[in-house]
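Mind docking chains B, C and D on chain A? Use the hints.
Protein chains in written order, with this note's numbering: chain A, 1 to 190; chain B, 1 to 667; chain C, 1 to 320; chain D, 1 to 161.
Quick caveat, the hints were computed from the structure, so don't treat them as lab data. All values reported here derive from a predicted model rather than from experimental measurement. Here a beta-carbon is modelled for each residue, glycine too, at the ideal position from N, C-alpha and C. Please note that a few of the clues may not be correct.
As the list claims (entries may be wrong) - Listed below are the simulated BS3-like cross-link pairs for lysine-lysine, each with C-alpha atoms no more than 27 Å apart in a straight line:
{"no.": "1", "chain 1": "C", "residue 1": "K181", "chain 2": "C", "residue 2": "K277"}
{"no.": "2", "chain 1": "C", "residue 1": "K310", "chain 2": "B", "residue 2": "K475"}
{"no.": "3", "chain 1": "B", "residue 1": "K439", "chain 2": "B", "residue 2": "K420"}
{"no.": "4", "chain 1": "A", "residue 1": "K59", "chain 2": "B", "residue 2": "K487"}
{"no.": "5", "chain 1": "B", "residue 1": "K285", "chain 2": "B", "residue 2": "K236"}
{"no.": "6", "chain 1": "B", "residue 1": "K259", "chain 2": "C", "residue 2": "K304"}
{"no.": "7", "chain 1": "B", "residue 1": "K258", "chain 2": "C", "residue 2": "K304"}
{"no.": "8", "chain 1": "B", "residue 1": "K487", "chain 2": "A", "residue 2": "K23"}
{"no.": "9", "chain 1": "A", "residue 1": "K59", "chain 2": "A", "residue 2": "K182"}
{"no.": "10", "chain 1": "C", "residue 1": "K311", "chain 2": "B", "residue 2": "K385"}
{"no.": "11", "chain 1": "A", "residue 1": "K23", "chain 2": "C", "residue 2": "K96"}
{"no.": "12", "chain 1": "A", "residue 1": "K180", "chain 2": "C", "residue 2": "K96"}
{"no.": "13", "chain 1": "C", "residue 1": "K105", "chain 2": "A", "residue 2": "K169"}
{"no.": "14", "chain 1": "B", "residue 1": "K5", "chain 2": "B", "residue 2": "K59"}
Unchecked claim - A few chain B residues that face chain D, going by a derived Cβ cut-off under 10 Å, partial list only:
{"no.": "15", "residue": "C71"}
{"no.": "16", "residue": "N98"}
{"no.": "17", "residue": "E101"}
{"no.": "18", "residue": "H102"}
{"no.": "19", "residue": "P108"}
{"no.": "20", "residue": "G516"}
{"no.": "21", "residue": "S518"}
{"no.": "22", "residue": "D522"}
{"no.": "23", "residue": "P530"}
{"no.": "24", "residue": "T539"}
{"no.": "25", "residue": "K623"}
{"no.": "26", "residue": "C625"}
{"no.": "27", "residue": "D652"}
{"no.": "28", "residue": "V658"}
{"no.": "29", "residue": "L659"}
Take a look at the letters that make up each chain.
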Amino acid sequence: MKTSNGGNSFLDQVIKATPGGEKLVLCLQCGTCGGSCPSGPDMDYSPRMIFAMTSAGMKDQVLSSNTPWFCVSCYYCTVRCPQEIPITDIMYTLKQLAIQEGRYEQRKASDFSEHFIGYVENYGRSFELGLATRYFLFHNPLKLVNMGMGMGMSMILRGRMGFIPERIKNMDQLQNILDKAKQIAKEGAA
Amino acid sequence: MPEEKVGVYICHCGHNIAGAVDVEAVAEWAKGLPNVTVSRDYKFMCSSLGQELIEEDIKEQGLTRVVVASCSPHMHERTFRTACERAGLNPYLFEMANIREHASWVHPDNVQAATDKAKALVSGAVHRVVYNKPLDAMEVPVEPTTLVVGGGIAGIQAALEIADAGYPVVLVEREPSIGGHMAQLDKTFPTLDCSACILTPKMFDVAMHPNITLLTYSEVEKVEGYVGNFEVTIRKKARKINEADCTGCGTCWEKCPKKVVDEVYESGLGYRTAIYRPFPQAVPKYPVIDVETCTYYQTGKCRVCEKFCPTGAINFDQEDELITYKIGNVILATGYDQFDPRRIPEYGYGRLANVFTSLEFERMVNASGPTDGQMVLRDGVTVPKSVAIVHCVGSRDRRYNQYCSAVCCMYSLKFAHLVKERVGGEVYNFYMDIRTSAKGYEEFYHRLLEEGVHFVRGRVSKITGAARQPGEEGKLIVQCEDTLIGKQRRIPVDMVVLSAGMEPRHDAAEVGHLFGISCSVDGFFIERHPKLDPVATMTDGIYIAGVCQGPKDIPASVAQGAGAAARVLSVIGKGSVRLEPVRATIDEANCSGCRICNTMCPYSAIDYIEDLKVSRVNPALCKGCGTCVAACPSQVITGAHFTYEQITAQIDGVLFDVLHQPVAEPV
Amino acid sequence: MSTNSGHHYGYYPGCSITKNAAAYGVSTDAIARILGLHLHEISDWNCCGASEYFSINQLPAYALVARNLALAAGEGATEVVAPCSLCYVNLYKTDKNMRLHPDLKAKVNRALDAGNLHYEPDTLKVRHLLDIVVNDVGYDGVAAKVTKPLYNLRVAPYYGCLIVRPDTGFDNVEYPTTMDKLMETLGATVVDYPLKAECCGGHMTQISDTVALELIRRLLHNAAEYQADVIVTVCPMCQLNLDAYQADVNKRFGTNYHIPILYFTQVMGLAFGMTPKDVAIGKELVSADRALTKITAEPPEKPKTRKRDKKALPMPDMIE
Amino acid sequence: MSENGKDFDPVLVGFLCNWCSYRAADLAGMSRLGYPPNLRDIRIMCTGRMDPAWVLHALRNGADGVLILGCHPGECHYVEGNYKAIRRINLLKRTLKQLGVEDERVQLHWASASEGVQFAEIVQRATDQVRALGPLNWKRNLQDSSDLAAAAGAHLAHEGA
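If we strip away everything but chain A, and leave its shape as in the complex, we get (with noise of 0.2 Å):
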């Protein structure tokens, strides 16, 4: 298969940061994705068009749309696919690039998955990430109320929710390896 030729379009990027991702050059805009798609109507593009519009070197319109944002990770797309592209990783990329070109300050999505990994980072486990409660009731407390106080206490009653993640053992040991890996992550883009 022709891969990205060592290229440096938007859409070789695409394809350099996506295991797999070589098979995007394969799309036949059928539309499969966006059929199956659980929250495709509430996205901008469908993931069809954002591959249509990839492959067109749309990179801003593409980094800024709420779609790779609003993948709920089911992956429908990515079975349903006749050509097997593994459309949901490419979503996972999308994010990724949206991040590293600073196109998401206006996204609260990227914006809670920040919040959550700093935790990783730091203890090494996390908390319950369906878990809005938590996260609102240190950002938006106000947005906490409309979405149901209730449900909180509830958890908190059921001892279901604990508000500081336990630390492993070896820190140290998780966070090299993470401090290794960025590094490595930064050498692969430049």
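Here is chains B, C and D on its own, set in the frame of chain A:
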């Protein structure tokens, strides 16, 4: 090394070779190879001018050996051998170097490497060719009888063409009747001819033809021999009916108490009895008893058919028959299986009652089908008010088949037309691309547009019965992205038809092996050349026609059936074929009589001559594989055209640049 | 007695198991004891990064996951078992992509090297807890331990996404059936509803409550349509979304769903004769008390096989 | 061509059966699949014809490796020639091992007429493996190819028994 005058010809093949191999340099360099008298390069060696170049050099320069470096020998070895022969040189004194498929096309970005490799291959051929020996092709007579395997429209056409020309045909069909998939259809696109009306007369012609031996409910079991002289064993499965007595009156299947789903002719949409004739126009008219489902064979009781048969034609004791024929040529027209959409779980076939396959739909709209032509839902009663037709099911999909099945667009349009015509209502065609590239096809598409059929450009993502919003309850919801507006749509319908693609027969690989031919990566039989020889195969005497070679519609299948017949007729007309003289011979004076070769030979072509205590090869049976040659401990068996010396010289030749280096000493 | 024969299960509980999904942890321990299944918790395991870390920076995300694989392999595990579908898919994906992409493998191992670790892909088989129960213990093995069958309890098995997708090969990607068979083994009445492998919304609750609550509504709506008494899950995230946001769904859409969401291990425990407390029933926000009263001591009457409608056309059999 | 440096470029001789693997190579060409140019191929009718002496001859005369490719087991055009090849080549490899020739230098593979991609992969992998081994070094005491052929022949004499 023998002294010969070798002519070397390097082909440019336009840019195909010259684009990656420095052909002039190779030709110039080849002049320095031992024995080379002439070395040239030329734009197209296979052209008549290229061939004349060789012929002139043979005559004028007295060449005794010829090497052409061009494409694969599977492509043009015959061409150049014939050219040599025309100039009076034995064709086996020619050798080919494949510098296109094996060099320029696989190393396109590296001229140096491709050129070096071309030199090695040319050198190999030059070194080898001086050891080549003149050989005489064996001329053998051709049996005039042709075996046609498969009684669908392609096989029927082939059989009739040959039989009409006055030669005998044995037509073998696995099912109880000929007719194939075409017999299941109601209408044919784009003319909307009644399928049965145009097929039945041909089936009848087959049955009546004095030159055709029709063996239905039969399968080929063994194939031996070679082009012109095959010996084929056919298993004629026991119908359990004495054909001579049967009038085809139908009393037996009317009385038979055992009903089973007919997976073949009715595509699972209808029932048949255990003793059955697949459809009213079946040829031959006799029924068969399916012993797998017949109550008598399962429990030992019943025999109702026997009781009611007015002519006493039922014969429960009838056994399978093995019949052997001498056959000159074989045409395989084994057809296709429909893709099984149960493999695509998101389309719900098998789970959702009102999702149908295209062949189920064909049977449904067929007047002689299980619903007498009524278009209804699975309950057998309700007429659908809206129908979705889903294109490309199992085709253009790397998870299943990458290829386009070529016929689905057109039959999907035909379905849409039939829905409009018979029940009215809304029809939605979900497509990726509409492919209507044959005579009258695009016009048919335009007609459908005028009829008000909805075309939604988007591959269907899923079909579900789970209602999400009002209006969806009790319906099948077809979900897709309408790619022309970039929005997800959910379209509720009563019925869904899945336009399932064509697949190679499930046993195509085994059948191919039986006849000594190969399947391509998608499983269809490989033709000798995709453009110029689409009905021949790599095995002489074996031809292919119809969908077993690749997806195609009825006109194309008919054309291939006729084409294969024409190829066979030309062989029969000539009366004899030339066999490759690639055979083994034993030097009996030095044979130790160990008999190792006797057991090695897969064709039992080597006999032990008790009186002389030596082994001897029967040249008619030998196919030239060379297994005995390599196995002989006394090294007294010679494999013509692949002798020890020839290959050894070729090894020296391909290693031309490293051959004379000192062997490295161990550390 | 051990059913581990030939397997050494490295157990990767995941971050939620102690708090939010404590009921899952408790019930898993309980059924493992009864089944003689030895799950060896990987010592000092770390978070798998959920879906968030892969969104930010993929290489550190792979390295983060790979540390767990390296630790498990170092402890002699032959497989890693995760009860959480998200952890499962991250572990699976890391092993698979390291195997398929040598470049990624080299980079991840360079990172692991900074912690004196190394992971050779394919050393471990990554498996979900449900896979272990239905394939290693087996339905017969489970049936042998059932003392209080869950007769007449209408159970809707909910698989969600990541246990079957993208390509774990353990069950059908669109229409899985392993948990259905498991629930039948426990004596329950299985509700075969179409949305059993659809998405619970995942992290959408953080990003767009409009989208997330609609996805949760669809699932509850479909399970209710099929009269499920209880939805059974294989993932803490699915359990949380369906359980904790059920009240929000009712408020937003004016509905009145009350479908308790339990872990498959909890209902297994009940069928094995444990008390609701033993398997931490009571931790769920939508109480299961009412649903559990539906369980009867006698099996339901076999539904009479309806005679085929003569006019109806035959249906194709499903491929097993 | 350097014999010891990193730029060592191995020479491989290939023996391809006429029916499957030669056509696989043709298909690789028709599909324009790139693979290393190190393989120099020779067409034989069947791997059953494969004379072990040819392998020795090639190795003795400058080849760094030999690839033998036939039809898949069970798909031989001549019924079972490839099974004969398996036995012969295995015997030969045993002999070669005694002579100090690394296992990867002589490889027997299958490629059907439709497996152009697999053919290209096989050539790629074999080339990489032989490149990693470096140039072939024979043991000092076995330089006469006729001795080698005799040694191989002695093994083969048992084959039919």
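Run the structure past the numbered hints and jot down the numbers of the failing ones, going up. No hint contradicted; all consistent.
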